[in-house]
Amino acid sequence: MKNLMAIIAALAFTFMANLLPAVAGEAESYHLKDGSMLYIQADGNMKMVNTAGKPMQMEEDVPMELQDGTIIMMRHNHVWKRLGPPGKGPEVLTHE
Numbered sequence: 192m193k194n195l196m197a198i199i200a201a202l203a204f205t206f207m208a209n210l211l212p213a214v215a216g217e218a219e220s221y222h223l224k225d226g227s228m229l230y231i232q233a234d235g236n237m238k239m240v241n242t243a244g245k246p247m248q249m250e251e252d253v254p255m256e257l258q259d260g261t262i263i264m265m266r267h268n269h270v271w272k273r274l275g276p277p278g279k280g281p282e283v284l285t286h287e
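Each residue of the sequence shown is one higher than the last, beginning at 192 in the working numbering.
It is worth saying that the hints were derived from the structure and are not from the lab. All values reported here derive from a predicted model rather than from experimental measurement. Careful, some of the hints might be misleading.
Quick list of in silico lysine-lysine cross-link-like pairs, DSSO-like style, CA-CA up to 27 Å [unchecked claim]:
id	residue 1	residue 2
1	K272	K238
2	K224	K193
3	K224	K238
4	K245	K224
5	K245	K272
Using the sequences plus the hints, can you model the full thing?
In structure tokens form, the structure reads like this:
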């Protein structure tokens, strides 16, 4: 019985530790069209997870499309966003 309680307590602690940064608003989250998520912490650290919640490696200079159609990419450890309509006129990249 004590082992069961210890396991439940450990699972609850792990769940809350993963939930707190998102609830506290410390991380910005971006939903990508392929279902993956990009999290950017206030200190600039980035984490990308797939649809199963497993960490993914972000490739540099590879365009990623958000659910709203915005194109972003990681360059020099910063997230850059494409400004302007795709295919119409010059495209400008800016980092946030």
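Query raised in the report: Can you give the numbers of the hints that this structure goes against, from lowest to highest?
Result: 2
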